[in-house]
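Novice: Please build the complete structure, drawing on both the sequences and the hints.
For the sequence shown, my numbering gives the first residue as 6, with consecutive numbering after it.
Don't read these hints as lab results, they were simulated from the structure. There may be inaccurate statements among the hints.
Using C-beta positions, here's what the derived DEER-type ranges look like [to be verified]:
#: 1; residue 1: Met25; residue 2: Lys389; range: 44 to 50 Å
#: 2; residue 1: Asp332; residue 2: Thr590; range: 32 to 38 Å
#: 3; residue 1: Glu383; residue 2: Glu440; range: 37 to 43 Å
#: 4; residue 1: Arg155; residue 2: Glu729; range: 54 to 60 Å
#: 5; residue 1: Lys389; residue 2: Gln292; range: 41 to 47 Å
#: 6; residue 1: Asn837; residue 2: Arg155; range: 42 to 48 Å
#: 7; residue 1: Asn91; residue 2: Lys194; range: 44 to 50 Å
#: 8; residue 1: Asn64; residue 2: Arg155; range: 26 to 32 Å
#: 9; residue 1: Arg740; residue 2: Thr237; range: 27 to 33 Å
#: 10; residue 1: Gln911; residue 2: Glu858; range: 34 to 40 Å
Taking lysine-lysine and the DSS-like style, the derived pairs with C-alpha atoms no more than 27 Å apart in a straight line are [stated by the list, open to error]:
#: 11; residue 1: Lys194; residue 2: Lys205
#: 12; residue 1: Lys737; residue 2: Lys830
#: 13; residue 1: Lys819; residue 2: Lys780
#: 14; residue 1: Lys43; residue 2: Lys24
#: 15; residue 1: Lys926; residue 2: Lys875
#: 16; residue 1: Lys712; residue 2: Lys612
#: 17; residue 1: Lys43; residue 2: Lys205
#: 18; residue 1: Lys389; residue 2: Lys339
Ideal Cβ placement from N, Cα and C applies to all residues, glycine included.
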Amino acid sequence: MSKQSEAILEEQLVAQLQKMGYGLASITNEQELIANLKNQLEKHNRIQFSATEFERVMNILSKGSVFEKAKTLREKQHIIRDNGDNLYFEFINTEHWCQNQFQVTHQVTVEGQYKNRYDVTLLINGLPLVQIELKRRGLELKEAFNQVNRYQRHSFGSNSGLYQYVQIFVISNGVNTKYYANNRNQSFKQTFYWTDKENKRLTNILNGFTSEFLEPCHISKMICKYIVLNETHKIPMVLRPYQFYAVEALIDRVKNSVHNGYIWHTTGSGKTLTSFKASQIIMNLPQVKKVVFVVDRKDLDYQTTKEFNSFSKGSIDGTDNTKMLVDKFADDTKLIVTTIQKLNTAISKKQHLERMNRLKDERIVFIFDECHRSQFGETHNRIKEFFNNIQLFGFTGTPIFADNSVKNELGRRTTKELFGDCLHKYVITDAIKDENVLKFSVEYVGRYKQKEDRNTNLDIEVEDIDTKELMEHPTRLEKIVDYILAHHDRKTHSRNFTGMFCVSSVETLIKYYEIFKKKRESGQHSLKIATIFSYSANENDADANGFLPDELSVVEEPRALYGLQGHSREKLDEFINDYNQLYDTKFSTKDSESFYKYYNDVSKNVKNRKIDILLVVNMFLTGFDSPTLNTLYVDKNLKYHGLIQAYSRTNRVLNEMKSQGNIVVFRNLKDVTDQAITLFSNKDAIDVIIMKPYEDYAVKFNEAYQKLLALVPSVDSVNELRTEDEELEFIKAFRELMRIRNTMTAFADFSWSDLEMEEQEFEDYKSKYLDLHDKVRTEHEKDKVSILEDVDFELELLHRDEINVAYILQLLMKLKTDSKKDAVKTEADILNLLSGEADLRSKRELIERFIKENLPIIEDSETIPQEFDKFWNEEQVKAFNKIVSEENLSPEKTERLIENYLFSEQEPLRDEVLDLIQGSKPTILERKKTGDRILDKIVTFVKTFVSGITG
Numbered sequence: 006m007s008k009q010s011e012a013i014l015e016e017q018l019v020a021q022l023q024k025m026g027y028g029l030a031s032i033t034n035e036q037e038l039i040a041n042l043k044n045q046l047e048k049h050n051r052i053q054f055s056a057t058e059f060e061r062v063m064n065i066l067s068k069g070s071v072f073e074k075a076k077t078l079r080e081k082q083h084i085i086r087d088n089g090d091n092l093y094f095e096f097i098n099t100e101h102w103c104q105n106q107f108q109v110t111h112q113v114t115v116e117g118q119y120k121n122r123y124d125v126t127l128l129i130n131g132l133p134l135v136q137i138e139l140k141r142r143g144l145e146l147k148e149a150f151n152q153v154n155r156y157q158r159h160s161f162g163s164n165s166g167l168y169q170y171v172q173i174f175v176i177s178n179g180v181n182t183k184y185y186a187n188n189r190n191q192s193f194k195q196t197f198y199w200t201d202k203e204n205k206r207l208t209n210i211l212n213g214f215t216s217e218f219l220e221p222c223h224i225s226k227m228i229c230k231y232i233v234l235n236e237t238h239k240i241p242m243v244l245r246p247y248q249f250y251a252v253e254a255l256i257d258r259v260k261n262s263v264h265n266g267y268i269w270h271t272t273g274s275g276k277t278l279t280s281f282k283a284s285q286i287i288m289n290l291p292q293v294k295k296v297v298f299v300v301d302r303k304d305l306d307y308q309t310t311k312e313f314n315s316f317s318k319g320s321i322d323g324t325d326n327t328k329m330l331v332d333k334f335a336d337d338t339k340l341i342v343t344t345i346q347k348l349n350t351a352i353s354k355k356q357h358l359e360r361m362n363r364l365k366d367e368r369i370v371f372i373f374d375e376c377h378r379s380q381f382g383e384t385h386n387r388i389k390e391f392f393n394n395i396q397l398f399g400f401t402g403t404p405i406f407a408d409n410s411v412k413n414e415l416g417r418r419t420t421k422e423l424f425g426d427c428l429h430k431y432v433i434t435d436a437i438k439d440e441n442v443l444k445f446s447v448e449y450v451g452r453y454k455q456k457e458d459r460n461t462n463l464d465i466e467v468e469d470i471d472t473k474e475l476m477e478h479p480t481r482l483e484k485i486v487d488y489i490l491a492h493h494d495r496k497t498h499s500r501n502f503t504g505m506f507c508v509s510s511v512e513t514l515i516k517y518y519e520i521f522k523k524k525r526e527s528g529q530h531s532l533k534i535a536t537i538f539s540y541s542a543n544e545n546d547a548d549a550n551g552f553l554p555d556e557l558s559v560v561e562e563p564r565a566l567y568g569l570q571g572h573s574r575e576k577l578d579e580f581i582n583d584y585n586q587l588y589d590t591k592f593s594t595k596d597s598e599s600f601y602k603y604y605n606d607v608s609k610n611v612k613n614r615k616i617d618i619l620l621v622v623n624m625f626l627t628g629f630d631s632p633t634l635n636t637l638y639v640d641k642n643l644k645y646h647g648l649i650q651a652y653s654r655t656n657r658v659l660n661e662m663k664s665q666g667n668i669v670v671f672r673n674l675k676d677v678t679d680q681a682i683t684l685f686s687n688k689d690a691i692d693v694i695i696m697k698p699y700e701d702y703a704v705k706f707n708e709a710y711q712k713l714l715a716l717v718p719s720v721d722s723v724n725e726l727r728t729e730d731e732e733l734e735f736i737k738a739f740r741e742l743m744r745i746r747n748t749m750t751a752f753a754d755f756s757w758s759d760l761e762m763e764e765q766e767f768e769d770y771k772s773k774y775l776d777l778h779d780k781v782r783t784e785h786e787k788d789k790v791s792i793l794e795d796v797d798f799e800l801e802l803l804h805r806d807e808i809n810v811a812y813i814l815q816l817l818m819k820l821k822t823d824s825k826k827d828a829v830k831t832e833a834d835i836l837n838l839l840s841g842e843a844d845l846r847s848k849r850e851l852i853e854r855f856i857k858e859n860l861p862i863i864e865d866s867e868t869i870p871q872e873f874d875k876f877w878n879e880e881q882v883k884a885f886n887k888i889v890s891e892e893n894l895s896p897e898k899t900e901r902l903i904e905n906y907l908f909s910e911q912e913p914l915r916d917e918v919l920d921l922i923q924g925s926k927p928t929i930l931e932r933k934k935t936g937d938r939i940l941d942k943i944v945t946f947v948k949t950f951v952s953g954i955t956g
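Specialist: In C-alpha cells, the structure reads:
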C-alpha cells in the first residue's frame with residue numbers, strides 16, 4: 006500500500022480532534038513549542054509577557070521531577086514583572102476546566118539523548134498534557150507502551166523538559182486504545198480501557214474513544230479533577246472509568262438530591278482511591294459542612310488515614326479517641342476519618358452531646374467503607390436518628406441481597422434497604438475482564454467421586470462429615486500439611502509470592518501450627534510460618550453464614566486477648582516468641598498496644614514476602630491488601646460475601662508472573678463457591694441465575710435436534726427448501742441448536758456421545774447454515790427485499806479462536822509430511838474446516854488452490870509459512886487490481902478507503918465508495934446498486950485477505 010497505515014490513522018485522528026474543537030498547531034520542534042506556549046498562556050491569562058518575564062515563567066516550569074511538575078501545573082503562579090509589579094497567573098484553570106485553550110499538534114521532534122518524534126500531542130494552554138502514541142493495526146499495544154517508556158528515558162526531560170508535564174498517555178493501534186498516568190514505574194498492567202457507564206469498552210480510537218475520552222472538556226476534567234498525586238510514592242494516579250463514574254454519581258446525588266445510595270465495586274478494584282476522590286470533591290461543595298469517612302475497625306482507621314494522607318498530604322488527622330473526634334466535629338475540619346465505634350460513642354455518651362447537638366441540622370455526608378460489615382446493627386439507626394440533615398453513602402464489594410442476608414435482632418436487612426439505590430456497579434466479572442483483578446484458580450483437594458487420576462485426589466475427608474473429630478483428626482491435618490509442603494513452591498513460583506492458610510478455629514490453628522513447626526525442626530521444610538489470632542465469640546463453623554466474625558476488636562478492647570482461653574493465650578505467646586526469634590523482634594500479648602504492633606509487623610512482612618505462609622482463623626481475610634499474596638489454602642467453611650472476601654486476598658494484580666489467585670480448598674466448598682461467584686457477578690442479583698445441570702441441557706439439545714429433523718430430515722434436504730420462509734425456519738432451528746451447544750461446551754462433562762446428533766452431522770448442517778448466510782450477503786445487491794436480510798445468524802457462536810489461518814498453516818505442514826494415506830485424511834480435515842469456520846469460508850478457494858498448485862513443489866515443509874505469505878500477497882495484489890479495473894476506481898483512493906475501513910471498523914458510506922470512481926459517475930437511479938456492489942467487493946476483499954490472517 007502507498008502509505009504507512011500508522012500515518013493515515015494519525016491524519017484521521019488529528020482531523021477528528023479538529024472537528025471536536027481543538028485548534029491545529031503547526032509545531033515541529035521545541036523552539037516552536039515554547040513560542041506557542043508563550044502565546045497560549047498570554048491568551049489564557051489575558052496578559053502579555055516580555056521576553057525576560059517569560060524566561061521567569063520558563064524557570065518555574067523547568068524545576069522538579071515529573072511529580073513536582075504535576076503540582077506546579079495545578080498551583081497558582083506568581084512572578085515579579087519587569088517594572089517590579091506582582092503578576093499572578095495560572096497554567097490551567099482547574100475549577101472551570103472547560104475554560105482552557107485546546108490545541109492538537111503532531112510529529113514534534115525533540116532532541117535529547119536521541120532524536121525522538123512524537124505522534125500526536127494535545128496541548129492545553131500550550132503545555133503538552135496528553136501524549137498519544139499510535140501503532141498500525143495488528144501490532145501489540147505493548148509496543149506503543151514500550152516506546153513511551155523509551156521517550157521518558159531519552160528525551161521527555163531534555164532541554165526545557167516540557168514533555169514532563171504530560172499527565173495522561175494514550176496508546177492505540179486503532180482498534181485497541183488504552184490510557185494511563187505519567188508514572189515511569191508502572192507496568193503495562195496499569196494501563197486502562199475507557200468505558201461507558203455500563204462498563205462497555207470504547208476501544209476504537211476513531212469510533213468512540215476520541216469522541217468520549219478526548220473531548221476537550223472531558224480530558225481537561227480528567228486532568229483537573231481525576232488525577233490524584235500520591236505523596237507516599239510520589240506518583241500521579243489517574244482514575245479508572247468505573248471510579249470516575251462512581252464519583253460523578255455521588256457528586257450528582259449530593260448536589261441534586263437528599264437521598265442516600267451505595268456503590269458496588271468488587272473487592273480489589275481500588276475503592277479507597279474512589280472514596281478518597283469522592284470525599285475530596287464533596288467536602289469542597291459549598292452546601293456541605295463536613296464529610297465523615299467511617300470504617301469499622303481501628304486497623305482500617307489507621308490504614309485509611311495513611312492512604313488518604315498519601316493521596317493528599319495532611320488531608321486528615323486520625324482520631325485516636327472519641328474526644329478528638331468530637332473536637333474535629335466542632336472545629337472547621339472538612340474531612341474526618343473515624344471508626345463506627347467512636348462515632349457511636351460521640352452521639353450516645355452524655356459528656357459529648359452538648360457539642361455534638363450543635364451539628365444536628367448541619368449538612369454532613371457520611372461515607373461508609375465496606376458498609377455490609379458495620380451497618381446491620383443499632384448504630385446505623387442511631388446515626389440516622391441523631392442527625393437531621395445527613396446523607397449516607399456506602400461502598401461495598403459484596404452487597405447484602407435477600408439471598409445472603411442474615412437475621413439479627415432488627416430482622417433481615419439488605420444493603421438496598423439501608424442505603425437505597427445502587428449508584429454504580431462494577432462487579433467481579435467486569436474487573437476480571439478489565440484485568441484489574443485476577444481470575445481465581447480453585448482446586449478442590451480430597452476424596453471426591455471421579456477424581457481417581459488426579460493429583461488432588463488426597464485421601465482426606467471433605468464431605469458428608471458432621472463430626473468434629475474426623476475433620477480435626479491429626480492424620481487428616483498431617484496429610485493436608487504434607488500436601489501444602491509438596492505444592493507450595495509450585496503455587497508461589499518458588500516463593501516469589503506468599504500464601505495464607507485459613508482454618509476453622511483457634512483450636513485447629515494451634516494443631517496445624519505445631520505440625521508445621523515439628524516438620525521444620527526435623528528438616529522436612531524451610532518455610533517461614535507465622536500466625537495471628539485473637540478472641541472472637543464462639544463460632545459454629547459448620548453454620549458459616551457469610552459474615553466473618555470480627556476478631557480485630559483486639560485493637561480496641563483488651564478483652565480480645567483476655568477472652569482467649571488460658572491455653573490459647575499461652576500458645577499465642579509461644580508462637581509470637583517463635584516469630585520474635587525469626588525476625589529479631591520483641592512482641593507479646595502483654596497489652597493490646599504491643600499486640601497491635603505485632604499485627605502491623607505481620608502485615609508488613611506478608612507484603613514484603615518475608616512470611617511464606619500466614620495461618621489465620623478470620624484475621625486478614627477482609628480488608629487486607631497484599632499484591633504479593635497469591636495463594637490461599639482453605640480448611641474452613643466459608644459462604645457468600647465471606648468467601649469472596651477471603652478468596653479476594655489473592656487476586657490483586659502485580660506482574661506477568663502472577664497470572665491468577667490460587668485457592669486450594671480442603672473442604673467441599675464447590676457449591677457455595679459457585680453460589681457466591683454467581684451472586685456477586687450477576688448484576689441483577691435478586692434473580693440469581695444458576696446454570697442448570699449438564700443433563701438438562703443434553704435433554705434440551707436432543708429436543709431441538711428432533712425439531713430440526715422434522716424440518717430437514719437430512720443434510721441434503723436443506724437444498725430442497727423451496728421458499729425463504731422455509732429457509733428462515735431452518736435458520737431458527739439450527740441457531741437454537743448452536744445456542745444450546747455453546748452453553749454445553751462450558752461444562753467439563755460435555756461429550757457428543759451424550760447427544761442423539763453426531764458431531765459430523767452438526768458440522769454438515771453448519772456448512773448448509775453458512776451457505777445460506779453467504780447467499781443472503783451475495784444477493785444483497787439485488788433490488789428485491791429478502792426476509793432473511795435482518796436475521797441475526799449469530800456467527801460468533803460458531804467462532805473458535807484457535808481455528809485461524811495460522812492453525813491451517815500448521816495443518817498444511819502436517820499434510821506435507823504425512824504418509825499418502827494420512828495426507829488424504831488431513832486434506833479432507835482442512836477442507837471441512839474451511840467450510841465450517843465462518844471466518845475462513847472466504848479463503849477456501851485460495852487455500853485449496855495453494856494445496857493443489859503450490860504445496861506439491863515445496864520441498865522443505867518448514868518454508869510453507871513463507872511460501873504461503875508470498876502466494877497470499879501476490880493474490881491480494883491481483884484481487885485489488887481486479888476490483889479497481891472492473892469498477893474503474895482510483896487505486897490510490899481505494900487503498901486509502903480500505904485502510905480507513907480497517908482502522909475505524911466502520912463500513913464506508915455509499916458516497917465515499919462512489920467517490921472512488923474515475924470518470925463519469927453513475928446516475929441517481931444507478932447510485933444505490935453501483936455503490937452497494939463496489940462496497941460488497943471491498944468488504945469481501947478485506948474478509949478474504951485481511952481478517953483472520955494474523956491469527
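Novice: Hints first: check each against the structure and report whether it holds.
Specialist: Here is what the structure says about each hint:
1. Distance hint check: the CB atoms of Met25 and Lys389 are about 46 Å apart, consistent with the given range 44 to 50 Å.
2. At about 35 Å, the beta-carbon gap between Asp332 and Thr590 stays in the expected band of 32 to 38 Å.
3. Checked against the given bound of 37 to 43 Å, the beta carbons of Glu383 and Glu440, roughly 41 Å apart, stay inside it.
4. Judged by the Cβ atoms, the range 54 to 60 Å given for Arg155 and Glu729 holds: they are separated by roughly 58 Å.
5. As the Cβ distance of Lys389 to Gln292 is approximately 20 Å, the hint placing it in 41 to 47 Å is violated.
6. Our hint of 42 to 48 Å for Asn837 and Arg155 holds, since their Cβ atoms are close to 47 Å apart.
7. Under the hint 44 to 50 Å, the C-beta atoms of Asn91 and Lys194, about 47 Å apart, fit the expected range.
8. Restraint check, Asn64 to Arg155: a C-beta distance of roughly 28 Å satisfies the suggested window 26 to 32 Å.
9. About 55 Å separates the C-beta atoms of Arg740 and Thr237, a value inconsistent with the hinted range of 27 to 33 Å.
10. In this structure, Gln911 and Glu858 meet the distance hint of 34 to 40 Å, their C-beta atoms being roughly 37 Å apart.
11. Annotation: proposed proximity of Lys194 to Lys205 holds, straight-line Cα distance about 19 Å (limit 27 Å).
12. The suggested pairing of Lys737 with Lys830 is violated, with an alpha-carbon distance near 32 Å, which exceeds 27 Å.
13. For the proposed pair Lys819 and Lys780, the alpha carbon gap of about 33 Å is over 27 Å, so the pair is violated.
14. A distance of roughly 25 Å separates the Cα atoms of Lys43 and Lys24; the hinted pair therefore holds under the 27 Å criterion.
15. Taking the CA atoms of Lys926 and Lys875, the gap is near 36 Å; set against the 27 Å cutoff, the hint is violated.
16. Proximity of Lys712 to Lys612 is assessed by CA-CA distance (about 59 Å); at most 27 Å being required, the pair is judged violated.
17. For the given pair, Lys43 sits about 40 Å from Lys205 by alpha-carbon distance, which is inconsistent with the 27 Å threshold.
18. For the hint linking Lys389 to Lys339, the alpha-carbon distance of about 20 Å falls within 27 Å, and the restraint holds.
When the structure is compared with the earlier hints, violations turn up for hints 5, 9, 12, 13, 15, 16, 17 and for no others.
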